[in-house]
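Protein chains: 2
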Amino acid sequence: MRVFIIKANKAHTAYDFSLKDLPGTSGRIDVLCRFLNSAFLLSHGFRKNVRVWLSLYGPPNPPKAIRFEGQRMRPKTLNPDELSTAKLIVKALKAGEGLRDPSRELEVLPGIYVSNLSFEDIIRRTLRGATLYYLHEEGEPIEEVQFPSNVAFVLGDHEGLSGEDEAFLKGIAQKISVGRKSYLASHVVAHVNIFLDSLTPPP
Amino acid sequence: MRVFIIKANKAHTAYDFSLKDLPGTSGRIDVLCRFLNSAFLLSHGFRKNVRVWLSLYGPPNPPKAIRFEGQRMRPKTLNPDELSTAKLIVKALKAGEGLRDPSRELEVLPGIYVSNLSFEDIIRRTLRGATLYYLHEEGEPIEEVQFPSNVAFVLGDHEGLSGEDEAFLKGIAQKISVGRKSYLASHVVAHVNIFLDSLTPPP
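From first to last, the protein sequence lines are chains F and P. Positions in the first sequence are counted from 1; adding 3 to them yields this note's numbering. Positions in the second sequence are counted from 1; adding 3 to them yields this note's numbering.
This is chain F alone, in the form it adopts within the complex (with noise of 0.2 Å):
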């Protein structure tokens, strides 16, 4: 099981954007929808052992979480093209304008929810079955680290992480680099697929 959890600061946590420019009016969800492309698909495949947490801090209604379950998604749900992609985002967005509750997930599409869960709340809860890493390009390189079965990525997006985030997930999350560039979070996911598939048994 492979999780990758993004935490978007800027991320607009309602439907007040234009899907004609999303870099420009959404606080970059098209990086979220780039995300999930890479952490799901495959040439002509999906990848079901795949979780994703989107984790919104943007305007109007910070926190907003939305979660892609692998395992319950229909795989034709997800396809490769960005437009598409935040089409789904924009539907978990509109299910959740009217959510109060901060832990309830409502089901959006089978294996799509929304939520005001915090990013906090996300660590806390993929602590329980997972070991989590934080890929960082100051990390340990990916090569010499020793994964168990169950796996949990936080990335950053454009802007990274927080010193506020960096300082919750210290000793809770094994810093781990892909290299010594920074790179773009979707790369960044496509790559630690890929090298994960190479391993055996493969996480």
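Possibly wrong hints are sitting among the right ones.
[Stated by the list, open to error] Once the Cα atoms are required to be at most 25 Å apart in a straight line, the calculated PhoX-like pairs of lysine-lysine come out as:
no. : chain 1 : residue 1 : chain 2 : residue 2
1   : P       : LYS23     : F       : LYS23
2   : P       : LYS184    : F       : LYS23
3   : P       : LYS13     : F       : LYS79
4   : P       : LYS23     : P       : LYS13
5   : F       : LYS79     : P       : LYS79
6   : P       : LYS51     : F       : LYS184
7   : P       : LYS97     : F       : LYS51
8   : F       : LYS184    : P       : LYS173
9   : P       : LYS90     : F       : LYS51
10  : F       : LYS23     : P       : LYS51
11  : F       : LYS97     : P       : LYS79
12  : F       : LYS79     : F       : LYS13
13  : F       : LYS23     : P       : LYS90
In short, the hints are calculated from the structure, not lab data.
Fit chain P to the known structure of chain F by using the hints.
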């Protein structure tokens, strides 16, 4: 120097598609947009040592070739999102409409060229300055390859290369692999870039 070449058998060779539905109307130009993203972009950075060739064979006027030259491109020309990249491709296709010469390249924007060059033309030009590799799941593992300083990689689109293309590449391109699964072209390029960065010296 790194060269990435993709043969897109169905990608439209004129702007007769809808930017609102690239996967459904353009012969999968969305695949090419993500390919460019993976080839060139870093987090807040741009790889100047990269060249990309898009080899388009869809209707109505195949072949068309679009070359992206990292050394000459302005870094802000290429943005991470699909839609803005699709607009660059549209611009090149529009400029290429009147081209009759089989080999002349027209510069559309700094470092972006359109032409009627065929896949074979692109491969022949590339061989003059670089060692050619064909990325395929049955190739030699990438970790075992000794890369020279100028490398070029050929990839198929979502349908893969034809038997004819494979026959043409036989003997001139070494088959190498990033794993036994069949991955999306953009994921392979992201993985190859990160892998090459880890070599000393990196190509």
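* Asked: Which numbered hints are broken by the structure, listed smallest first?
  -> 2, 5, 7, 8, 9, 10, 11 and 12
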